[in-house]
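Engineer: Below, each chain spelled out in residue letters.
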Amino acid sequence: MVEGKILKVSGPLVVAEGMREANMFDVVRVGEKRLIGEIIEMHGDRASIQVYEETAGIGRGDKVVSTGAPLSVELGPGLLTNIYDGIQRPLETMRIKVGANLTRGIDEPALDRTKVWHFKPALKFGDKVNSGDIYGTVQENSVIEHKIMVPPKTHGTIVDLREGDFRVTDRIGKIKFDDGTIADITLMQKWPVRVSRPYKEKLPPVDPMITGQRVIDALFPIAKGGTACVPGPFGSGKTVVQHQLAKWSDVDLVVYIGCGERGNEMTDVLREFPELIDPKTGKSLMERTVLIANTSDMPVAAREASIYTGITIAEYFRDMGYSVAVIADSTSRWAEALREMSGRLEEMPGEEGYPAYLTSRLAQFYERAGKVVCLGSDGREGALSAIGAVSPQGGDISEPVTQATLRIVKVFWGLDASLAYRRHFPAINWLNSYSLYRDRLSGWFSEKVSKNFMDYTGRCLKTLQLESDLQEIVKLVGMDALSAEDRLTLDVAQSIREDFLQQNAFVDIDSYTPLAKQHAMLELIFTYEDQARRAIAAGADIEEICNLPVHESIGRAKSVPNESYQTEFAAILKDIRAQVDRLIEAAEKD
Amino acid sequence: MIREYRTIEEVAGPLMLVKQVEGVKYDELGEIELPDGEVRRCRVLEVNGRNVLVQLFESAAGINLANSKVRFTGHGVELPVSPNMLGRVFNGMGEPIDGGVRLIPEKSLDINGTPINPAARYYPSEFIQTGISTIDGLNTLVRGQKLPIFSGSGLPHANLAAQIARQAKVKNKDDKFAVVFAAVGITFEEADFFISDFKKTGAIDRTVLFINLASDAAIERISTPRMALTAAEYLAFECNMHVLVIITDITNYAEALREVSAARKEVPGRRGYPGYLYTDLATMYERAGRKMGSDGSITMIPILTMPEDDKTHPIPDLTGYITEGQIILSREMYRKGYLPPVDVLPSLSRLKDKGIGEGKTREDHASTMNQLFSAYARGKEAKELMVVLGEAALSPIDRLYAKFADEFEAKYINQGFYENRSIEQTLDLGWKLLSILPKSELKRIKPEMIEKYWPKDE
Chain A
1 MVEGKILKVS GPLVVAEGMR EANMFDVVRV GEKRLIGEII EMHGDRASIQ VYEETAGIGR
61 GDKVVSTGAP LSVELGPGLL TNIYDGIQRP LETMRIKVGA NLTRGIDEPA LDRTKVWHFK
121 PALKFGDKVN SGDIYGTVQE NSVIEHKIMV PPKTHGTIVD LREGDFRVTD RIGKIKFDDG
181 TIADITLMQK WPVRVSRPYK EKLPPVDPMI TGQRVIDALF PIAKGGTACV PGPFGSGKTV
241 VQHQLAKWSD VDLVVYIGCG ERGNEMTDVL REFPELIDPK TGKSLMERTV LIANTSDMPV
301 AAREASIYTG ITIAEYFRDM GYSVAVIADS TSRWAEALRE MSGRLEEMPG EEGYPAYLTS
361 RLAQFYERAG KVVCLGSDGR EGALSAIGAV SPQGGDISEP VTQATLRIVK VFWGLDASLA
421 YRRHFPAINW LNSYSLYRDR LSGWFSEKVS KNFMDYTGRC LKTLQLESDL QEIVKLVGMD
481 ALSAEDRLTL DVAQSIREDF LQQNAFVDID SYTPLAKQHA MLELIFTYED QARRAIAAGA
541 DIEEICNLPV HESIGRAKSV PNESYQTEFA AILKDIRAQV DRLIEAAEKD
Chain B
1 MIREYRTIEE VAGPLMLVKQ VEGVKYDELG EIELPDGEVR RCRVLEVNGR NVLVQLFESA
61 AGINLANSKV RFTGHGVELP VSPNMLGRVF NGMGEPIDGG VRLIPEKSLD INGTPINPAA
121 RYYPSEFIQT GISTIDGLNT LVRGQKLPIF SGSGLPHANL AAQIARQAKV KNKDDKFAVV
181 FAAVGITFEE ADFFISDFKK TGAIDRTVLF INLASDAAIE RISTPRMALT AAEYLAFECN
241 MHVLVIITDI TNYAEALREV SAARKEVPGR RGYPGYLYTD LATMYERAGR KMGSDGSITM
301 IPILTMPEDD KTHPIPDLTG YITEGQIILS REMYRKGYLP PVDVLPSLSR LKDKGIGEGK
361 TREDHASTMN QLFSAYARGK EAKELMVVLG EAALSPIDRL YAKFADEFEA KYINQGFYEN
421 RSIEQTLDLG WKLLSILPKS ELKRIKPEMI EKYWPKDE
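Chains as they are written, first to last, in this note's numbering: chain A, 1 to 590; chain B, 1 to 458.
Excised from the complex, chain A in its bound form:
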């Protein structure tokens, strides 16, 4: 146990002497209040420590004690439905213990030590095991079966393993290592947050992560195991997009990291998710969710750690063979925490005061995502998708955090303030957003949804691009100068924007759209276009085409219930044809 004394205190940065024996990145306890900190630099016997709690009241000569271990998270049954702070302290337990405000120096284990779990072994006496093999399972809640795994870098023979009711720290069995030593097996393991958990092999992502958000699934899809970012100025709906993804993505588990954002947003998730039903399992969404909340008023150093805490928990579930999504809101606040610590360390700043290692840290974070073959002899596959919000200052995406992120992620959902002002939500700009997974996923969509799904979505993008070109002309010379064909393109583009892309997260029917219905909605729009083009060719008046009553039915298509849309949509398709036929008849009579 290394013990040193404090020399310097400057906000969250503390310098202590007498720390020669301590290791880099060891967790230390600072002062009488035993605040939690982490060694981030060593100079001789002086250690620079970032403290995860408010340092008011700390002074020279106060004691610093190293715990000898790096910042780690506890992994085991009890993680789900919980809400943690940036260094995995359970906020709900802390609320019960110390009241509504956070007090300092609280020592509270992340996993409930008193709760009893029923463990069912999958292996028996004499079985040889390797890292990643599954000892057995605990049914953590009605949705998730928690697999108790052999920790990485462990191999040996089981000498004891029994079924029964255990607490996370109880011995469930014993393992004999190859060198003859015997160790206890428990339900819980620990893992340092700054080290990514190992896997056997990384695979290219080929399955889409279906989100039920039309603009995302149809135009800019993300793969399971992929990475995406959502940059946008304030008020453009970043948080709503993130919440929607956390709610409706067809993954097994979601780790939601509220990193330096509003307290009420976390409260919202905490109060709302238990009430929402997962369309896939029919159970409450909270049962598959882990929340990490380090709000903007909580200590800035813990904000830096929160991202790693979150992704390490996600990796742990990925290792069980689950598909997990990590949603981080917002990586800009994380970068600001880096910048603040870097400034206090008096490092030479890079762009806009951010440290020069910003890009590599961001890359390390996103690279922990991916589809992998997990450790263990059963060859199970898990996927970890990472989605980060970015809050560029002034909405200017040329700033360093956005640019560094864009170089790494494969999907870019760019939010646009001007769309938000028009209350076009989600305000994802269709002209500058992109998904590099479109090609890779097209096979899946053609097979599982419809052969022409990708054609339709390609047509959407093309029409919207044409619209923006035509708008330029309209601004210069007016609508009358356009040909009937072009007028129709504008009409169809408007329909794509208003009737398909706009989606109201606060209306129950509209909040989630199954893929098949997305396809059917596109079919309505493009059937209309095809029919209307036929009418133009037959000499019908464009004004009359644009005023066909069927527009209104297409416009209301999104509010048709997901269970019964087929019949209603079939009727609309019929209407489109009938109304266009009538126009053509009239045109031919003239």
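By construction, these hints were calculated from the structure, which means they are not laboratory data. Even for Gly, the Cβ is constructed at its ideal location relative to N, Cα and C. Don't take every hint at face value.
[Claimed, not checked] Take a look, some chain A residues computed to stay more than 10 Å from chain B by CB distance: (1) Glu-21; (2) His-118; (3) Tyr-434; (4) Asp-469; (5) Ile-584.
[Stated by the list, open to error] Using C-beta positions, here's what the derived DEER-type ranges look like: (6) B/Asp-174 to A/Val-507: 27 to 37 Å; (7) A/Gln-364 to B/Gly-337: 51 to 61 Å; (8) B/Lys-403 to A/Asp-508: 28 to 38 Å; (9) B/Met-386 to A/Met-348: 52 to 62 Å; (10) B/Asp-174 to A/Lys-283: 38 to 48 Å.
[Stated by the list, open to error] Calculated pairs, DSSO-like style, for lysine-lysine (alpha carbon to alpha carbon, straight line, at most 27 Å): (11) B/Lys-169 to B/Lys-432; (12) B/Lys-354 to B/Lys-432; (13) A/Lys-8 to B/Lys-69; (14) A/Lys-280 to B/Lys-354; (15) B/Lys-443 to B/Lys-411; (16) B/Lys-107 to A/Lys-97; (17) A/Lys-283 to B/Lys-354.
Starting from the known structure of chain A, fit chain B onto it as the hints suggest.
Structural biologist: Below, chain B alone, put in the same frame as chain A:
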């Protein structure tokens, strides 16, 4: 025992270096006694070996390196609080300046507060009727929300804030209500406007004022809003009152912060503001809310003037990322004579969705709100097009939208600072304006609603 030091080594700007001290803690409050007996206050910014760097709260004039004494108090900056604070006026450091009786404090609270555990917050969802259509109808305020006003120099943000303070109420409820007002570096005239408005309406008896005027020490401004918030927290969470906090002007606060940061030679972020401006502002704004174990609430309306009306300036920008929406004032509306000159399209209340609808306001609120927004946006676009190409170039439907936009500005936005509209009046007015458009254009409203609320011809 409190030791005194005569070891001031340097004074530069708002900073002072004291050497050879013992047992001084980070963030501790210190007192400087000048040779003539005057006492000024300071706060420890950095402990480095036996040296401490402190930040002065008042001007450095008169500090003498040889003869001034420094002592440290053993605690942080505190505000003595008591329910009798209501109706009183304090300076920026929390000392009474109204000449009234000395306050007998119930306790002293650290002005930095402690963060609210997100697991212990209640989600704000109680509708506050401000009587202002552009807020109630379109950017609804709820109890426990932080909703700033983004203004520009010369715009009547003070009138709007006073109107909110005057008219705000929760429907069908008669709760204990208080206003905490923090003047941060504003002029006497502006502060006087608020005070006389509070006096006129009798609100002064349930108001606590913290006044730091433009002529007071700029450095004091760093603690003024925190003093006010500490008083607000005490009234809300310990006396169970519903507190409305108005802080004006955050821009002055941020400038004081920049001054200290520059004096410390810190690496600046955008426009010279310190990199931690976001975190610093957040530790103030996040003190709004409702929490378990208390019936009270803090609703916060910070006011800031955007330099050059630029919304991307770091102060409004970072504020917008923390607060739950923003009310933006528009110079264009003001020039047209429309009061309060709210710029509707970029204004936003993030918490409105849970505060409106059946049982809270009215069932048609959410959909008419969206319809009004998109119709007004389209109307404005049509009007822009009209400027370029002339009215003839617009389609008949766009001409209706342009008409809608004009009427909307003249009737809905322009209500004046003294008209108090109920939420029903606001919603009905919305319908009346929407009826300029054909029913088929109202795609965001359910047909049943249109049937029920479409204005009947009289």
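Engineer: Each hint: holds or not?
Structural biologist: Here's how the hints hold up against the structure:
1. No Cβ of chain B comes within 10 Å of the Cβ of A/Glu-21; the nearest lies about 22 Å off, and the non-interface call holds.
2. With 10 Å as the threshold on Cβ separation, the claim that A/His-118 sits away from chain B holds: the shortest Cβ distance comes to roughly 27 Å.
3. Here A/Tyr-434 stays apart from chain B, with its beta-carbon at least about 24 Å from theirs, past the 10 Å limit.
4. No beta-carbon of chain B is positioned within 10 Å of the beta-carbon of A/Asp-469; the least distance is around 17 Å.
5. At roughly 23 Å, the least C-beta separation between A/Ile-584 and chain B is larger than 10 Å, which holds for a residue marked as non-interface.
6. For the pair B/Asp-174 and A/Val-507, the supplied restraint of 27 to 37 Å holds, since their beta-carbon distance comes to about 34 Å.
7. A beta carbon spacing of about 57 Å between A/Gln-364 and B/Gly-337 agrees with the range 51 to 61 Å that was offered as a hint.
8. At about 34 Å, the CB distance of B/Lys-403 to A/Asp-508 agrees with the hint of 28 to 38 Å.
9. B/Met-386 and A/Met-348 have their C-beta atoms about 55 Å apart, which keeps the hinted 52 to 62 Å range intact.
10. Separation of B/Asp-174 from A/Lys-283 is about 42 Å and conforms to the stated range, judged on CB atoms against 38 to 48 Å.
11. At roughly 25 Å between alpha-carbon atoms, B/Lys-169 and B/Lys-432 fall within 27 Å of each other, so this suggested pair holds.
12. Annotation: proposed proximity of B/Lys-354 to B/Lys-432 holds, straight-line Cα distance about 25 Å (limit 27 Å).
13. At roughly 23 Å between alpha-carbon atoms, A/Lys-8 and B/Lys-69 fall within 27 Å of each other, so this suggested pair holds.
14. In summary, the hint linking A/Lys-280 to B/Lys-354 is supported, as the alpha carbons are separated by about 26 Å, within the 27 Å threshold.
15. For a cut-off of 27 Å, the pair hint linking B/Lys-443 to B/Lys-411 stands: about 23 Å separates their Cα positions.
16. At roughly 23 Å between alpha-carbon atoms, B/Lys-107 and A/Lys-97 fall within 27 Å of each other, so this suggested pair holds.
17. At most 27 Å may separate the alpha-carbon atoms for a hinted pair to count; A/Lys-283 and B/Lys-354 meet this at roughly 23 Å.
Every hint, counting from the list given before, is met by this structure.
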